[in-house]
Amino acid sequence: MKKISHSTKSTQAPSRKPSLLRRAGWSFLLLFSFASYAQQLQVVTKSIQKEIIYSAGSKINLNAKKADIIIKGKSTDRISIVVKLIAKHTDRSIAEKELSYLNYELKNASGVVDLSNSYEIPKSAGKLRSQVNTVYEITIPNKANLLIINSFGNISVNDFSGELAVKFNFGKLNLTDVSGKFNIESSFGDVYAENLDGSFVCKSEKAVVELYNPSGTTLLESKYGSVKLNLFNSLDKLVVNASRSAIEVNVRRFEDFRFDLGTTFSQINTPSAYREFLSNYNNQETLLFDTKTKKPLVQIQNSYSPITVHIDKNLQTHK
Amino acid sequence: MPKDLNEILPEFEPKANLWSKIEQTLDFDDLLEAKIKDLPEFEPSIEWNRVLEEISVEKKLKTVKFPNFIRWGIAASVLLALGSVWLFNKKSDEGVISYSVEKQVEIKSDLQANVSTSESEAEEFINQQCEEVEVVCMKPEVKELRAELAELNLNQRDLETQIEQFGNDPALVQAQIKIENQKAQITKELINILRS
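Protein chains in written order, with UniProt numbering: chain A, 1 to 319; chain B, 1 to 196.
Please keep in mind that the hints were generated in silico from the structure rather than gathered at the bench.
There may be inaccurate statements among the hints.
Claimed, not checked - Restricting the straight-line Cα-Cα distance to at most 27 Å, the calculated cross-link-like pairs of lysine-lysine (DSS-like) are:
no.	chain 1	residue 1	chain 2	residue 2
1	A	K143	A	K59
2	A	K46	B	K103
3	A	K223	B	K21
4	B	K103	A	K97
With the rest of the complex left out, here is chain A (with noise of 0.2 Å):
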């Protein structure tokens, strides 16, 4: 018996000194875990999912605030909605309670799909303590004819065939590989757009739009921004309306565009090869270049800001 509580003893007394060296790890684990807890956020997330069967025809109108909304298209029948309210706080009990003050509401009647969302915030809660927010996620049927309206976030819209409107205030909108009709209006909502074809109209206002690669037909709005254009000969006829706004072309090679610019009271920026086809005149400056073959045609017209030609032989679509 001795013998055996002997044996005892020494089995177990190598392991008592790790095991305290390990407590007092872990309580610097717990204890630095504890300090770093106390700056970090705590996310609540409420997701709705929701699918629809779409009908040929039938109009989607999302009229989000202060969301991110995603839009992927597909070749299905069904429109797959995933919502995500969110709300932030470092204190997760208030992230909770403050994530009720935030809703939606999908309705599908008569050919129309309607999807909104509102924030409730109750005149007792004062000032919000949480940072909230509504994410959209949403593959649509191509051929949709999809409306958006939303301020202060994100749209993306990918891979998508059809008709698309956006108004929207803040944020930027992100278009990649689209195609249809689209129709956009940002107030200082920047748009940036990439291998788009069909018919892009674009009115913006203190905003800054970019164009990479525009197929098709372009008319783009532009007052107290900025425009970027990067053109291939894929594009058919791009015409900007602009005042106040720098404008900025790249292109590959002159030759594979018509141009008719023009600005007043500002300049026009060229290539030194082609600034005999400019001209000022009663503080219009014109650049006139016309191939007499069917290329392409880039008709700027701006005001008080510069048009600028670049020839970048290094250009490349990026499909």
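Chain A is already provided as a structure; the job is to place chain B on it using the hints.
Relative to chain A, chain B alone:
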């Protein structure tokens, strides 16, 4: 009931050797009985207990394990089906709540305080110039820029009410910066014109 059974029942004549055949069979039985007693006895090599055990195990396997497995399976699938229906319903009505953590990014809100003083100075300068040199401010360009500046001030006020509700939200602070930059640009342009 017929009076004479002999009239209805068929007549039957037994074969002549019947009795001798019966006697032979009885004799064989007696012989067999006598001979069996002389037969040697053998102990069977099979252990009956083991056989019985095997049978009972087999029976157990058959009767307990297999049907229970099915029974549990059915029960589980029913539960699963009910559960998923419940979950699905819950999902579509209430949504699913999930938790995560994110590193906090400081949002500085001192923008307004810094900008507004120089801004109001600039606006004061513009207003003053327009009062002193009215002709300059009659220029369409100046009119347009001043209208734009007034609109930006409106935008800014709208945004301030939003910030009052949502606090220093990153998207709203970004919007605020954008308006400030725009205002700065317009103000600069205006001052340039008024000075020249």
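- Message: Just to be careful, I want the Cα atoms of A/K46 and B/K103 compared with a cutoff of 27 Å; is the pair within it?
- Response: 19 Å, holds
- Message: For a C-alpha distance cap of 27 Å, please report whether A/K223 and B/K21 respect it.
- Response: The given pair, whose Cα atoms are some 131 Å apart, is violated under the 27 Å limit.
- Message: Against the 27 Å threshold, does the CA-CA distance of B/K103 and A/K97 hold or violate the hint?
- Response: Holds, at roughly 20 Å.
- Message: So if I understand the rule, the pair passes when the alpha-carbon distance is 27 Å or less; does A/K143 with A/K59 pass?
- Response: 11 Å, holds
When the structure is compared with the earlier hints, a violation turns up for hint 3 alone.
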